Structure formats: C-alpha cells, structure tokens
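Taking the hints into account, I'd like the entire structure generated from these sequences.
These protein sequence lines map, in sequence, to chains A and B. Each number in this note's numbering corresponds to the 1-based position in the first sequence with 3 added. Each number in this note's numbering corresponds to the 1-based position in the second sequence with 4 added.
Hints in this document: simulated from the structure, not taken from any laboratory. Model, not experiment: these values are computed from the prediction. Take the hints with a grain of salt, since some may be wrong.
[Stated by the list, open to error] Computed cross-link-like contacts, SDA-like style, restricted to lysine to any residue with a CA-CA straight-line distance of at most 25 Å:
no.	chain 1	residue 1	chain 2	residue 2
1	A	Lys254	B	Lys145
2	B	Lys93	A	His59
3	A	Lys266	B	Ser320
4	B	Lys339	A	Glu276
5	A	Lys254	B	Asp146
6	B	Lys220	A	Gly293
7	A	Lys56	A	Asn170
8	B	Lys346	A	His290
9	B	Lys218	A	Gly171
10	A	Lys266	B	Ile321
11	A	Lys266	B	Asp146
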Amino acid sequence: MSLNIVVLAKQVPDTRNVGKDAMKADGTINRAALPAIFNPEDLNALEQALQLKDAHPGSKITLVTMGLPRSAEMVRESLYRGGDDGVVLTDRPLGGADTLATSYSLAQTIRHLDKVDIIVGGRQAIDGDTAQVGPQIAEKLGLPQVTYAESVKVEDGIATIKRRIENGFETVTCPLPLVVTVNGSADACRPRNAKLIQKYKYAVTPSEKAQLSQERQRLVESRPYLNIREWGVADIEADPAQIGLKGSPTKVKTVVNVVFQAKESKTIEGSDEAQLEGLVQELIADHIIG
Amino acid sequence: MNDKNNLIVYCEIDDGRVADVSLELLTKGRTLATRLGVKLEALILGDKLDGVEQQVFPYGVDVVYKVEDERLYPYTSLPHSSVVINLFKEIEPQVCLMGATVIGRDLGPRVSSCLTSGLTADCTALEIGDHTDPITKTEYKDLLYQIRPAFGGNIVATIVNPEHRPQMATVREGVMKKEIFDANYKGEVVNLDADKYVDPASFVVKIIDREVEKSKVNIKNAPIIVAGGYGVGSKENFDMLFELADVLGGEVGASRAAVDAGFVEHERQIGQTGVTVRPKLYIACGISGQIQHVAGMNESSIIISINNDPNAPINSIADYVITGNLEDVIPKLIKYYKKNSK
Ligand SMILES: Cc1cc2nc3c(=O)[nH]c(=O)nc-3n(C[C@H](O)[C@H](O)[C@H](O)COP(=O)(O)OP(=O)(O)OC[C@H]3O[C@@H](n4cnc5c(N)ncnc54)[C@H](O)[C@@H]3O)c2cc1C
Ligand SMILES: Nc1ncnc2c1ncn2[C@@H]1O[C@H](COP(=O)(O)O)[C@@H](O)[C@H]1O
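The following block contains the structure:
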C-alpha cells in the first residue's frame, strides 16, 4: 500500500552558532547574521518519511513549510533527497504566530492537500525548543500523535513506532492516519542525490519564477514538477482570528538582555603551578573538596 | 463540583510515586496560589492510586483530583489529554503547570490546542504580575509571568497569556526547588469516574513494549560537578574530566555543544534543555557560559572556570578563573589534589 506522507519542516536561524555579531547595538537580534538552515530534527523526520517511501513504493512525500518566501529552499532540499513535492505557506498576516497560530495554519494547509496517511515532523525547532507544533497539529486535525519517535514502520495500515521516554524506550502501535514527531537521535538524513539535484535545481515557487529569465520561465512552465506551490491565507481558507499575532494567545511582555550578576572573582594563571596548588589547598581547607 | 479559577498541577506518576518534577511544581504552585489567593489543586491520573494524595498534601495541596483506571497507566497521549481537557472545561483553572518531561511536552500542547490557551515551554522562572497591553492599553491584574531564555540565549523573555485560560507553562525537573510546605497539611480528595472523562475511542495507541532503566548518571544530586564544553575538544579529552570527577568524588556534566558534538551522552547536559544543578562545587572546563547553560548551574555555591579565553562570559560568574588550556590545567589539579588530600 502506498502512502501519502506529509513532512513538516521549518527554516530556522542557526541558533547553535550564535556569535557576538548576532546582537545589534540596540539589543535586538540581528537575524541577518545567522544563517537560515533546515531545522535539524526535521531532517530526521524527512529520513523517516524516505524510509517509509522505500518500504512502500509509490508513496508520495509532500514537504509543508510555513515561513518567509525563501523557505522554498526547504522544499528543494527535500526534492534533492527524494521528496516528491511541497507547499510553501507564506503570507504577511501569518507573521508573528506563536505555536498555536502556527499549528492552526499548518493544519489548515494539510486539510487542503489530498488525503494524508501520516504526518511526520521534527520533535522541536531549535529557534524555540518548544516541541508544541506537532501535537497541536494532531489535535487540530483530530488525529492521534506519537512524539519522541526513533523509528517508524508501517504495515497493513498500522504504524509501529519506537519512541524515547524518560530513561528508556517504548514501542507503540497506532492505526493510520496519525502525527509522528521524530527525535534528533533517530537515523540521520541521507545526503542529496546528484541526479535529483540535476532534476530539481530549477524548481521554484511562482514568486521565485517571476525573477527568472524568460527562457528559464518557459522551462519551468514546460515541466510541472518544477513548480512549487506557494500558498497564502486565502488558499488555506484560514480564519483571520486564528492566525499570526492576532491568533496567538501568548504575548511577549518584555525581553531583556542578559546581564549576569558578576562575582568578585580571583584569577589564576594556568601556568602558575604555585597558585594552582594554592587553590587546591584552599578548597581542601574550606571542605569544598576532600 | 468545586470552585473555579484555581491553580492546578498535573502530577506525573512513576511506579506509584509522584515524580519529583511534579512535587517541585507543587512547591512553586503553593507560593503562586497563595499570592493569587486561590486554591492549589493536583490532578493525578493512573492505576492503583491508593493513598497517593498523602504524598502531595504536605506540599500544601488543597484539592486532589484522582482518576483511577488501569488503562491510564502507563501514560498515553489521548486518554490523558481527554481527561485533562474535560476536567478543565468544568473547573476552569486559571493556571496549569506541567513538567517539561516527555509526558508534559506531549500532553501540554494537545491540551492547550484544544482549549486555545497559550503554553510556554521550559520556563526557568514563574511570577505573578500585572500587564498593560501596549496597543489597546487594556490592563490585566495578576497574570502568570512565564519567564524563559530565548533566541540563542542572548535574551530572557517574559511571556503572558492575557486573554486565555488556563495560562499554561512547563518547567524542567530541578529548576524549581522541592520543599515541604506543612507535613500535616490536609486537603480534600475528589475521585472522578474515568468513564465520564475518557472517550473509549481514545485508546488507539497501544504500548506493546516498554524498557526503562534507572538512569546511571546522577548529576542532579552530585555535590561536585566537573562540566566540559565544546572547548574540551574530543571524547578522549573528556577522560581527563572523568578522572578529575572521580578523584574528587563528583560527576561529569556537559554543555549542549559538547553533547551535540558527541563527546558525552545527553543525560549529562546541564542547562535550560538539560538538568538544573546546584552543587557545592562546579568546575566549568572549556565552557563559554551562554545563558542556556548558566541557567542550569548559576546557583552552584562555588564556581571555577578553566578557559583559555580570559573574557569568556562564564568568568564573570566564577569565583575562581583559571586562564589556560584545560589539557594543561586539569592534570595539574589532579596531581595537586592527590598530593594534598591525605
Ligand atoms: C533554545 C536553546 C536551548 C539551549 N539549551 C542549552 C542547555 O540546556 N545547555 C547548554 O549548555 N547549552 C544550551 N544551549 C546552547 C547554548 O546557547 C550554547 O551554544 C552552548 O552552551 C555552548 O556550549 P560551550 O560553552 O561548550 O561551547 P562554546 O560556546 O563553543 O565555548 C567553548 C569554550 O571553550 C573555550 N576553550 C576552547 N578551547 C579550550 C581549551 N583548550 N582550554 C580551555 N578552554 C578552551 C573557549 O574559549 C570557549 O569559551 C541552548 C541553545 C538554545 C538556542
Ligand atoms: N513554520 C513551520 N513550518 C513547518 N513546520 C513547522 C513550523 N513550525 C514548526 N514546525 C514543525 O513542528 C516541529 C516542532 O516545532 P516547535 O514546536 O516550534 O518546536 C518542527 O520540528 C517542525 O517539524
């Protein structure tokens, strides 16, 4: 049985490498200084989808992402690794969404796709580490959820999932359709495939297409698989009250720069053996160690 | 039914015992409930819950809601969320706290989605305070301030949910302190009928196998922690830290960068997305001291930083700063300790 698989993936600033230039002088974040990457655990989710496709030939993987127009890069990344198509959900009113407004918007998008058998996302996105969007989409679509997954198999319409729990593992079964969120410790995503890069390198959304030369636009038009869907609020028939900043129950009250209460500290040169020994003796005398 | 608008803690059960993280939240919840002038409630779901209320009353719990049913243990998402959602529709709590555990982070979002109430994950502090909407100028009294580091740790954000109830937050184990409120405190027990709160159709996920083992790493209670960061450079170099921890009678901890690099296992991660620790001695080796890390260790009594960058942020909160390469410094510390300790 072939499967209709949706992969949820977010383009995120690479917060793992926040350098000193990430903060502007006025204390706000300099997003431009951070490279935008494929959220790491979403790559693990994509790999699980690809393994399902390997096991169930004829399956189709649709990548769904909400973000800036340049999130089309996410869809191409998926196509290069074996995905089939994708939707970029991008529209001004969607901005400023918290996890609840995000999950509503993504759930609406999924409702406008062909019948879906399984939705796989990452456990959490590194820009917020909230891990909320997966379960919230499941709730919105009235589907069961299995979080913290390490591996996903499907047989006869039933998913068998190994998941990580506090201090151990659990194996669960659940009939399709369902939502699964995948851990970073699951199998790493396979690399891009050279043939697929050749095939899809000109895959574009309509707004990207408009930037291309006439000739290339014609090429894209002649090959349906090079057209990435780009949807806005109207396409997903979203309730304006439930999207963006307005649809977000959580509000950021204040944001402050972090300043630590500096302590009076004693500095010791690592090369100064007498001082090092003195420190050890002091700690022993104070019963901190020993 | 009972009165509304209280503060409720979803309590996790492990082998008949209420999890530490839940007791920590009850301790915090007691303070917040007193400040708000409302009751502190505990919600306990599971099997064989005889007398479990005795475990939570000393933390100042006024009402314990108990739902006992063998199908409710071990935890599965849908049945637990249906109980919580149905109960919350009746008792309309103003605040709900859960552990930022595998369970709390599976359950919380599902509940918040159904009730359209905001949820803030991994808070490092919770307070009560007022809020004025910057645009509408509407004033709100006594909201829950959900405080957490954000965005690469360069900022700390205070989040509020002005319009939606309950205001929900998850907190990691160890972030709040667990403290008996009154050993003789007595509340009321409300037994709820599982059949009234759980839809039988919600038992779709079946657990077919479960392996749990007690964690071998116990950094949470270690009196001395030798923590390594990305600056340690390799798995092999971590052996030096294990040796130092071993001679001092401590445990090895790590920053997320060290864990991500595969130097040590995830259980040793300290910080906002790891464990929070308060040892009497914390030796930070090759750790720069980003807020997410510091949030999990800045209450240590004595902090020593070993770093080759004299301006590493961690140095500003350290009692002793040793500037130099950890490869040189650690063996010397081991040597001098062995020499001086007898
Ligand atoms: C949402 C979120 C949650 C996070 N949660 C956590 C968390 O729970 N815990 C956590 O730790 N981090 C967390 N982080 C990551 C955090 O922001 C930092 O990236 C991380 O703590 C940095 O680790 P580090 O100090 O080991 O590495 P670096 O910042 O790379 O620092 C390495 C340090 O080693 C020093 N060094 C290098 N070589 C040597 C040597 N030979 N001898 C001595 N010193 C040397 C360097 O001078 C430097 O100061 C989180 C980030 C985000 C965005
Ligand atoms: N804007 C988005 N577009 C697509 N998927 C998303 C988006 N936000 C979150 N997700 C998915 O939900 C998971 C959890 O995100 P979070 O709740 O933000 O930690 C991510 O790993 C993604 O799979």
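For each hint, the structure was consulted:
{"no.": "1", "hint": "Lys254/A to Lys145/B", "result": "holds (15 Å)"}
{"no.": "2", "hint": "Lys93/B to His59/A", "result": "violated (42 Å)"}
{"no.": "3", "hint": "Lys266/A to Ser320/B", "result": "holds (6 Å)"}
{"no.": "4", "hint": "Lys339/B to Glu276/A", "result": "holds (11 Å)"}
{"no.": "5", "hint": "Lys254/A to Asp146/B", "result": "holds (15 Å)"}
{"no.": "6", "hint": "Lys220/B to Gly293/A", "result": "holds (24 Å)"}
{"no.": "7", "hint": "Lys56/A to Asn170/A", "result": "violated (31 Å)"}
{"no.": "8", "hint": "Lys346/B to His290/A", "result": "holds (13 Å)"}
{"no.": "9", "hint": "Lys218/B to Gly171/A", "result": "holds (9 Å)"}
{"no.": "10", "hint": "Lys266/A to Ile321/B", "result": "holds (5 Å)"}
{"no.": "11", "hint": "Lys266/A to Asp146/B", "result": "violated (33 Å)"}
Hints 2, 7, 11 from the list above are not met by this structure, while the remaining hints are.
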